Amino acid sequence: MQDFSYVAAKTVPEAVALLDEKGEKARILAGGTDLIVQVREARRDVDLMIDVKSIPAVNVLDYNADTGLTLGAAVECYKIYAVDAICDAYPSLIDATTIIGGTAIQGRAGVGGNLCNASPAADGIPPLIVLNATCVIAGPNGERELPVEQFCTAPGQTALEKGEMLVSLKVPAPASNSSSFYLRFIPRNEMDIAVVGAGASVTLDDAKQTIVSARIALAAVAPTPLFAEEASALLAGREISDAAIDEAAQAAQAIARPISDMRGTAEQRTHLVGVLTRRALNGAIQRVQDAS
Amino acid sequence: MARKSHVQTTINGETVEFLCESRQSLLEVLRDELHLTGAKEGCNNGNCGACSVILDGRLVNSCLVLGVETEGKSVETIEGLAEPDKLHPIQDAFLENAALQCGICTPGFIMSAKALLDSNPNPTEHEIRYWLAGNLCRCTGYDKIVKAVLDVAKASA
Chain A
1 MQDFSYVAAK TVPEAVALLD EKGEKARILA GGTDLIVQVR EARRDVDLMI
51 DVKSIPAVNV LDYNADTGLT LGAAVECYKI YAVDAICDAY PSLIDATTII
101 GGTAIQGRAG VGGNLCNASP AADGIPPLIV LNATCVIAGP NGERELPVEQ
151 FCTAPGQTAL EKGEMLVSLK VPAPASNSSS FYLRFIPRNE MDIAVVGAGA
201 SVTLDDAKQT IVSARIALAA VAPTPLFAEE ASALLAGREI SDAAIDEAAQ
251 AAQAIARPIS DMRGTAEQRT HLVGVLTRRA LNGAIQRVQD AS
Chain B
1001 MARKSHVQTT INGETVEFLC ESRQSLLEVL RDELHLTGAK EGCNNGNCGA
1051 CSVILDGRLV NSCLVLGVET EGKSVETIEG LAEPDKLHPI QDAFLENAAL
1101 QCGICTPGFI MSAKALLDSN PNPTEHEIRY WLAGNLCRCT GYDKIVKAVL
1151 DVAKASA
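Respectively, the protein sequence lines represent chains A and B.
Numbering-wise, the first sequence is residues 1 to 292 according to my numbering.
Numbering-wise, the second sequence is residues 1001 to 1157 according to my numbering.
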């Protein structure tokens, strides 16, 4: 592996100053499950790794039923699904964090790192999009916020500017009669990368028969995870029906622009977007209807 | 030559100090600097689990941890399991069930199983299979390994 320096930063300003000074040759080290492999395989040129796991703001895991979830960028997957209230409030996030790698990966990897790695196939990103999460970004000029769906700009590329780092994710408190669901297609049971992933969140009316609002997001069918905005919007105000869900699935398929590679063909992926979007929507609806 | 850092950590209950380069993984530190060769290098990218160790109570792939990250932390490796004249119950169960052939994956499987049983002493077969999904075996197959872990769970129930 190439030689690099290592700093365990104690504060966000310290990490930001180092990032600003070193530019692209500095990388934030959180779980390291992507970064260490990339450097070892000479896919990323790094002079300095800035370990942020000692910075309190990057390790916050705080859920409040009124204000929502603050999820520090370095919080490992296993800590997220260990909190029952978070499992209840954001089930799609749990669907994803329990399938990212195996046990040992979930012991180190987190959703913030999954987002910053910006893989089009990241399982952690569609749930954040459908849950309306916001990125809290710190940089040399202070803090700014950005909707998650605007964070990834290309495979491995993000909206982070020179000197900026992801500090945390803010997820709004779930509305009443709402739930969410994430699933992916892989040709085996576990330990694989999504051929296609789909997430959905829905808010239903009090009778649980009409969709008040919905959000759909897709993975592995474009250079970045996608927010299927039109597909989401056309469900608003619709009574729950196969026809409404099929329409949304078709609208989601219309924005997919997948490639063919060793995991699947473009044609298979486009087909899967329809199947998985229907399942994600029905899964989220079922969760609302099953809740007492 | 690259600059080395001084790191103090606890390994299998004993305080250990070592010098390492930032780029050395915990696996490399364990094997090359501390001569604890139980953890194995398989894929070196987090897929195979042969290098599994327990870091501050949590199962990790030691190939995906930097040695310098372990400052002040606690590491458990396969070397810490057996007493001088007595194997750990998981080790006994692997022998009883013939749950190994070449043995390369075995230290990783045993550490992974230990992490599971430490947090969940009575797992179902389903839970065991999912928990061990990050550990690959190319010769024994998984059935005997899963049965060995089930045996340990039953014995402690």
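To be clear, the hints were calculated from the coordinates, so they are not data collected in a lab.
Since the model is a prediction, treat every value here as computed from it, not as a measurement.
Where a beta carbon is used, it is the ideal one built from N, C-alpha and C, also for glycine.
Take the hints with a grain of salt, since some may be wrong.
To be verified - DEER-style ranges, computed between Cβ atoms:
no. : chain 1 : residue 1 : chain 2 : residue 2 : range
1   : B       : Gly1103   : A       : Ser292    : 28 to 38 Å
2   : B       : Asp1092   : A       : Asp84     : 33 to 43 Å
3   : B       : Ala1098   : A       : Ala233    : 29 to 39 Å
4   : B       : Ser1074   : A       : Pro187    : 18 to 28 Å
5   : A       : Ala57     : B       : Ser1119   : 19 to 29 Å
6   : A       : Asn189    : B       : Asp1118   : 36 to 46 Å
7   : A       : Ala266    : B       : Gln1101   : 38 to 48 Å
8   : B       : Glu1125   : A       : Gly156    : 36 to 46 Å
9   : B       : Ala1002   : A       : Ala159    : 45 to 55 Å
10  : B       : His1006   : A       : Ala236    : 56 to 66 Å
Unchecked claim - In silico DMTMM-like cross-links for lysine to aspartate or glutamate, where the CA-CA straight-line distance does not exceed 20 Å:
no. : chain 1 : residue 1 : chain 2 : residue 2
11  : A       : Lys10     : B       : Glu1071
12  : A       : Lys79     : B       : Glu1014
13  : A       : Lys53     : B       : Glu1071
14  : A       : Lys162    : A       : Glu143
Beta-carbon spacing of B/Ala1002 to A/Ala159 - inside the hinted bounds 45 to 55 Å or not
violated (33 Å)
Starting from the hint 33 to 43 Å, judge whether the C-beta atoms of B/Asp1092 and A/Asp84 obey it.
For A/Asp84 against B/Asp1092, whose Cβ atoms are near 35 Å apart, the range 33 to 43 Å holds.
Between B/Glu1125 and A/Gly156, is the Cβ distance one that fits in 36 to 46 Å?
Holds: the Cβ-Cβ distance is about 39 Å, inside 36 to 46 Å.
Hint check: A/Lys53 vs B/Glu1071, CA-CA at most 20 Å. Holds or violated?
Holds. A/Lys53 to B/Glu1071 sits at ~12 Å (cutoff 20 Å).
Taking the Cβ atom of A/Ala266 and the Cβ atom of B/Gln1101, is their distance within the range 38 to 48 Å?
holds (42 Å)
Agreement of A/Lys162 and A/Glu143 with the hint, judged by alpha carbon distance not exceeding 20 Å
holds (13 Å)
Satisfaction of the hinted span 56 to 66 Å by the C-beta atoms belonging to B/His1006 and A/Ala236
holds (60 Å)
Return holds or violated for the Cβ distance of B/Ala1098 and A/Ala233 against the range 29 to 39 Å.
violated (59 Å)
Given pair status - B/Glu1071, A/Lys10, alpha carbons within 20 Å:
Roughly 14 Å separates the two Cα atoms, so the pair holds.
Does the hinted range 36 to 46 Å hold for A/Asn189 and B/Asp1118 at CB?
violated (24 Å)
Do A/Ala57 and B/Ser1119 keep their Cβ atoms within the hinted range of 19 to 29 Å?
At 28 Å between Cβs, range holds.
Against the 20 Å threshold, does the CA-CA distance of A/Lys79 and B/Glu1014 hold or violate the hint?
The given pair, whose Cα atoms are some 27 Å apart, is violated under the 20 Å limit.
When held up to the earlier numbered hints, the structure conflicts with 1, 3, 4, 6, 9 and 12 and fits the remainder.
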